[in-house]
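Colleague: These protein sequences, in sequence, are chains A and B. According to our numbering, the residues represented by the first sequence are 1 to 235, in order. According to our numbering, the residues represented by the second sequence are 1 to 112, in order.
Quick caveat, the hints were computed from the structure, so don't treat them as lab data. All the pointers check out, no bait thrown in.
One side only, chain B facing chain A, incomplete, derived with CB under 7 angstroms: (1) G32; (2) D35; (3) I45; (4) I52; (5) P55; (6) A77; (7) Y87; (8) K88.
The beta-carbon is built from N, C-alpha and C at its ideal position, and this holds for glycine as well.
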Amino acid sequence: MHIMEGYLPTFWCLAWFAVSIPMILYGIYKMNKLVNEKREILPLLAVAGAFIFVLSSLKLPSVNGSCSHPTGTGIAAIIFGPAISAVLGTIVLIYQALFLAHGGLTTLGANVFSMGIIGPVVAYLIYKAGMKANLNFYLVVFLATAFGDWATYVTTSVQLALAYPAGNVLTFAGFMSMFGKFAGIFAFTQVPIAIMEGAVSALLFKYVVNVKSDILIEMKVLEDAVVRKLRGISA
Amino acid sequence: MSRKLELIVLAIVLIFAVQFIYMSSTTDAEYGGADGEAKDMINEITDGYEPIANPIWEPPSGEIESLLFGLQAAIGAGIIGYFFGYYKAKKNYENELGYKEKNKSEGDKHSL
Numbered sequence: 001m002h003i004m005e006g007y008l009p010t011f012w013c014l015a016w017f018a019v020s021i022p023m024i025l026y027g028i029y030k031m032n033k034l035v036n037e038k039r040e041i042l043p044l045l046a047v048a049g050a051f052i053f054v055l056s057s058l059k060l061p062s063v064n065g066s067c068s069h070p071t072g073t074g075i076a077a078i079i080f081g082p083a084i085s086a087v088l089g090t091i092v093l094i095y096q097a098l099f100l101a102h103g104g105l106t107t108l109g110a111n112v113f114s115m116g117i118i119g120p121v122v123a124y125l126i127y128k129a130g131m132k133a134n135l136n137f138y139l140v141v142f143l144a145t146a147f148g149d150w151a152t153y154v155t156t157s158v159q160l161a162l163a164y165p166a167g168n169v170l171t172f173a174g175f176m177s178m179f180g181k182f183a184g185i186f187a188f189t190q191v192p193i194a195i196m197e198g199a200v201s202a203l204l205f206k207y208v209v210n211v212k213s214d215i216l217i218e219m220k221v222l223e224d225a226v227v228r229k230l231r232g233i234s235a
Numbered sequence: 001m002s003r004k005l006e007l008i009v010l011a012i013v014l015i016f017a018v019q020f021i022y023m024s025s026t027t028d029a030e031y032g033g034a035d036g037e038a039k040d041m042i043n044e045i046t047d048g049y050e051p052i053a054n055p056i057w058e059p060p061s062g063e064i065e066s067l068l069f070g071l072q073a074a075i076g077a078g079i080i081g082y083f084f085g086y087y088k089a090k091k092n093y094e095n096e097l098g099y100k101e102k103n104k105s106e107g108d109k110h111s112l
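Isolated chain B (complex conformation):
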C-alpha cells in the first residue's frame, strides 16, 4: 500500500510541531484558551460583564479537567480503533478466506 498520504500528513504535523517549539521558546506566549480570550474581550467592551448563568458543575482543578478531556479522547479513539479493527478483520475473512456466504464456492476453490 502506498504511504504517500501518510507522509504528507506526517510532514504537516511536523511543521506544526516545529512551529510550536519555535514559538514557545522565542516568545512568552501563554497558550491560554481562545475561549478565555473572547471572554476577556467581552469583559473589556462591557466594563465587566455579569454572566447571566453559571455552569452547573465545574471541574475542581486543571488536573481534573485534563482527566476529563483525556477520557473524552480515549473513548473516541477506542471506538474508532475497535470498528476499524472489526472492518479490517471482516474484510480479511471475506476476501482471503472466502468466509462470505455468497462467495463460498469461490472461496472453496481458492482454498483447494
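Pulled out of the complex, with its shape left as it was, chain A reads as follows:
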C-alpha cells in the first residue's frame, strides 16, 4: 500500500499530512496517558506494535500474480483504539521509508492515513459492532482485522485516484475510472492476504485471552463474562 517516495504531487502530500498529523498527535497524547496510568499494559503495547512490524514485512504472493503485504494494525486497533494504532503504524512506516525505500517521507502523510488511520478505524468500528451483535469473539476479530486491511488498500486506491484522475483533471468520472484501476491492483491483490491476516490475528487473540485476559477486561476490550466463556471453551 505504500505510495512511493515522490509519487504524490505536493498538494496531496501536504493535504494528507494535514489530515494525519492531528490524529498522530492525539495518539501520542493518549498513549502517554495510558502508559502513565497503567504501566502494566506496556508489554501488550509492544506486542501490538511488534505484530504490525512482523506482518507488514511479509510480502505475500497473491492470486493475480503480484505481491503485497498485510498491515497487522487490527490487533492494536481492537485493544488500544485507532489513535494509538496510528502512532504504532507511523513508527513502522518511518522504518520502511528510511531503511527500505518503501513508501517515503513526502508520502508519509498519505501512507499513515491509509494504514495507520483508516484501517484501524474500520477495524475498531467492525469490532465494536460485531461484539454488540453478540457474534463469536474470534469471528469478530477475523472480520475486523480482514476488513481493516482491505480498507487500507481501498484508501490507497482512493488517494492515488484523487491525485491521478483520468484526463488529469479531477472529475467524478475521471476519479472513478482510475479508482477502478488502482483498486484492481491493490484491493484485488489484498483479498486473500486480508483473509490470512484475519485468521492469524484471531489466533494471536486466542493466546492473549489465555495468558493475559485480565488486561483485556481492564482495557474494556472484552467483558468478564465473555472471557469466562472463551476460556471455558479453550480450557
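Dock chain B against the given chain A, drawing on the hints supplied.
Modeller: This is chain B only, laid out in the frame that chain A set:
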C-alpha cells in the same frame, strides 16, 4: 486446550499455499510488488512521471532489501515471543505455585 482455531488457521494457510503453487506453476506471473504496479500505472497515465522527491537512501540490492525485511520480521517476532513467554510463565507461577502476594495463603494451602 482445544486446537480448533489452530486447525482452521492452518487450513486457510494451506489453501493459500496450494493456490500459490498452482498459480506459479501454471501461469508466468512475475510476482512483482503491487506498489510497483501502481507506479507503472501512474507513469502510463501521465506519460512518464517525474517523482517530486527521491528516497534518501535505497537498499543497494535486492539481497540487502530482504535482509532488512528479515530483520524487521525478526525484531517483531522476538518481541512477541518474549512477552508471551513472560506472560505464560508469570501466569503459571501465579496459578499453580501460588506466587502472587494476595493469593499466598491459598497457594500455601495448595502446596501442603
